Amino acid sequence: MSLRSPLLLLLLPLRRTLQLRSLPAPVTISTVSTSRHLATASTQPPSNGKKRQSTTFTDRLNAGPSFSDFVTNGAAPNAGAEEEALELASAVNTVGNKPQAFDKHGNPITRLPTWLKTPVPMGANFARIKSDLRGLGLHTVCEEARCPNISTCWGGTDKSSATATIM
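Numbering-wise, the sequence shown is residues -19 to -1, 1 to 148 according to mature numbering (1 follows the signal peptide of the UniProt record, and there is no 0).
These are computed hints drawn from the structure, not numbers from a lab.
This one's a predicted model, so the numbers in the text were calculated from it and none came from an experiment.
One or more of the hints may lead you astray.
Simulated pairs of lysine-lysine, BS3-like, Cα-Cα distance not exceeding 25 Å [unchecked claim]:
1. Lys140 - Lys111
2. Lys111 - Lys98
3. Lys98 - Lys85
Work out the full structure, taking the sequences as your base and the hints as a guide.
Structural data, given as structure tokens:
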């Protein structure tokens, strides 16, 4: 056998494909029926020229407040939005009489308000579950997401069992 024979074996299917692509495509005429036969009935009633009567619910809905009334709460859009945002940011940034803390880039550190802080997870059940997971080299979804309710789920009580979702 010559050195060219393996190359020729690879080129033959390619050559056939190229020859087939250069031929004109055959013209086919479809004789498929245009009517459809469905297994389920149509959800729309047949149109007989009459418009459906409006209901009292639709009338009350159309006469009621629009979406923009709920969003703007009856006031002009963006009225006082900047002032409220600044008030909230300053209220969160001030912690008693302590001076404002800054990170290494000079940006102010935003602290959580007291109503948003959660207690540090602790308890015998929590410690036991955490040590068991570390011993097995496992982590949980709660830990990765830094869930604030981890002590509630892992802690359990004498009436309920502890739960953890292992990754």
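For each hint, the structure was consulted:
1. Taking the CA atoms of Lys140 and Lys111, the gap is about 20 Å. The hint holds against a cut of 25 Å.
2. For the proposed pair Lys111 and Lys98, the alpha carbon gap of about 22 Å is at most 25 Å, so the pair holds.
3. Annotation: proposed proximity of Lys98 to Lys85 holds, straight-line Cα distance about 24 Å (limit 25 Å).
Every hint, counting from the list given before, is met by this structure.
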